[in-house]
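J.: Since the structure of chain A is already known, use the hints to place chain B on it.
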Amino acid sequence: MSLSGAWYLGLAAVVFAIGAIGLLVRRNVLIMFMCIELMLNAANLTFVTFARMLGDIGGQALVFFVLVVAAAEVVVGLGIVVTNFRRRETTVADDLHSLKG
Amino acid sequence: MLHTSLLFAAARPAWPDILVFAASAAVILVGAVGVVTSRNPVHAALSLVMTLFGVAVLFIEQQADFLAAVQIIVYAGAIVVLFLFVIMFLGVDKREDVEVEPLVGQRPLAFIVLSITLAGVLAMAATAHWVTGAHHVVGPIQGNIIAGNPASPSGEPAQLGKQLFTNYLFAFEATAALLVIAVVGAVVLARRPPASPHEIAAEEAESELSS
Chain A
1 MSLSGAWYLG LAAVVFAIGA IGLLVRRNVL IMFMCIELML NAANLTFVTF ARMLGDIGGQ
61 ALVFFVLVVA AAEVVVGLGI VVTNFRRRET TVADDLHSLK G
Chain B
1001 MLHTSLLFAA ARPAWPDILV FAASAAVILV GAVGVVTSRN PVHAALSLVM TLFGVAVLFI
1061 EQQADFLAAV QIIVYAGAIV VLFLFVIMFL GVDKREDVEV EPLVGQRPLA FIVLSITLAG
1121 VLAMAATAHW VTGAHHVVGP IQGNIIAGNP ASPSGEPAQL GKQLFTNYLF AFEATAALLV
1181 IAVVGAVVLA RRPPASPHEI AAEEAESELS S
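First to last, the protein sequences are chains A and B.
Once you know that position 37 of the first sequence is 37 in the working numbering, the rest is easy, because the numbers rise by one and skip nothing.
Once you know that position 190 of the second sequence is 1190 in the working numbering, the rest is easy, because the numbers rise by one and skip nothing.
Bear in mind the hints are in silico, worked out from the structure with no lab data behind them.
Among the clues, some could well be false.
What the hints assert, rightly or not - Derived, one-sided and incomplete: chain A residues facing chain B with beta-carbon distance under 7 Å:
| # | residue |
| --- | --- |
| 1 | G10 |
| 2 | V15 |
| 3 | I18 |
| 4 | A20 |
| 5 | L30 |
| 6 | I31 |
| 7 | I36 |
| 8 | R52 |
| 9 | V66 |
| 10 | A72 |
| 11 | V76 |
| 12 | G77 |
| 13 | T83 |
| 14 | F85 |
| 15 | L96 |
Stated by the list, open to error - Computed footprint of chain A on chain B, listed as stretches where at least three residues anywhere in the stretch have a Cβ under 8 Å from a Cβ of chain A:
| # | region |
| --- | --- |
| 16 | 1028-1034 |
| 17 | 1055-1069 |
This one's a predicted model, so the numbers in the text were calculated from it and none came from an experiment.
All C-beta atoms, glycine included, are put in the ideal place defined by N, C-alpha and C.
This is chain A alone, in the form it adopts within the complex (with noise of 0.2 Å):
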């Protein structure tokens, strides 16, 4: 609690930064979707710092709901995955061009 806010802060965006460029770089669709949650959790610490550095409870209370999102959000994509995968035998992105419009 006594080391700046701007320490936590920095250390959120890199590991916001490793989510995107895992995202971005990676083709299973799974570790697609754990880069999602690195991004989802940079998001959370940065809530948190800033609870902290305001001296308010809303943040933590945002990042309460964040959790809640992500959980929804992870049942819902690997069952996508899951029903994919028995059509098609795989989860990788790029074998899904055919979902394109």
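T.: Just chain B now, with coordinates in the frame of chain A:
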């Protein structure tokens, strides 16, 4: 008393805090890089657990004890296990070839664009003020000290609960609806598509033949 100690600590960081931050930052970064670079999805999921633990430590360091516990239970306990379950269920835990680059020039482009973005954010960190909003809008954090009266516990989980069920009540109910929708969606997705009448007739003829 708490307020003055906070001010004093902000003025000069104590070395245990620096040590905790450095250690958990190292754990977070190693885990994050592991998620992106590991070829085996199982290894990526375990690296993700590492990152989540590091973030939970930083939550505790910033007096968000309840959120740290939720982070471990929900993320590391439920979401990553769900990931691992799907990886094992689909049998895709074999190595992926990350050497080939399907889109030529995509990786350098991703690195360049995100380096520029990151440099912009960090430059803002160096030059601008991070916090420009008003303080204590929703409710102040009073720390985790339990007041002498056990009938009215203060502390961060109690404050968080109070805010969730007063200021954020509508959002809380909306998340309840969201979770129900997600569960229904997962059930619909997991269901096998109903067989067409033609297929049912074919199956019946097959069973008659075999009996």
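J.: Please verify that hint: R52 (chain A), Cβ, nearest Cβ of chain B, below 7 Å or not.
T.: holds, 5 Å
J.: Holds or violated: is the Cβ of V66 (chain A) closer than 7 Å to a Cβ in chain B?
T.: This interface hint is violated because 10 Å lies over the 7 Å limit.
J.: Can the hint on T83 (chain A) be confirmed by a CB-to-CB distance to chain B that is less than 7 Å?
T.: Interface hint status for T83 (chain A): holds (5 Å vs cutoff 7 Å).
J.: With a cut-off of 7 Å, does the beta carbon of L96 (chain A) approach a beta carbon of chain B closely enough for the hint to hold?
T.: Violated, about 13 Å.
J.: Restraint: A20 (chain A) near chain B, CB-CB cut 7 Å. Satisfied or not?
T.: This interface hint holds because 6 Å falls under the 7 Å limit.
J.: Given that the region 1028-1034 of chain B was listed as covered by chain A, double-check it with a C-beta distance under 8 Å for 3 or more residues.
T.: Coverage by chain A holds here, the residue count being 4 at a Cβ distance below 8 Å.
J.: So, L30 (chain A) near chain B? Judge it on the closest CB pair being under 7 Å.
T.: holds, 5 Å
J.: Against chain B, with CB atoms and a cut of 7 Å, does the hint on A72 (chain A) hold up?
T.: holds, 4 Å
J.: At a threshold of 7 Å, is the proposed contact between G10 (chain A) and chain B supported by beta-carbon distances?
T.: It holds, given that the least Cβ distance between G10 (chain A) and chain B is near 6 Å, below 7 Å.
J.: Is the interface hint for I31 (chain A) satisfied, with its Cβ closer than 7 Å to some Cβ of chain B?
T.: holds, 5 Å
J.: With a cut-off of 7 Å, does the beta carbon of I18 (chain A) approach a beta carbon of chain B closely enough for the hint to hold?
T.: Hint on I18 (chain A): holds, closest Cβ of chain B at ~4 Å, below 7 Å.
J.: Is the hint on F85 (chain A) kept, meaning its closest Cβ partner in chain B is under 7 Å away?
T.: With a minimum Cβ separation of about 5 Å from chain B (threshold 7 Å), the hint on F85 (chain A) holds.
In terms of the numbered hints stated before, the structure departs from hints 7, 9, 12, 15, listed from lowest to highest.
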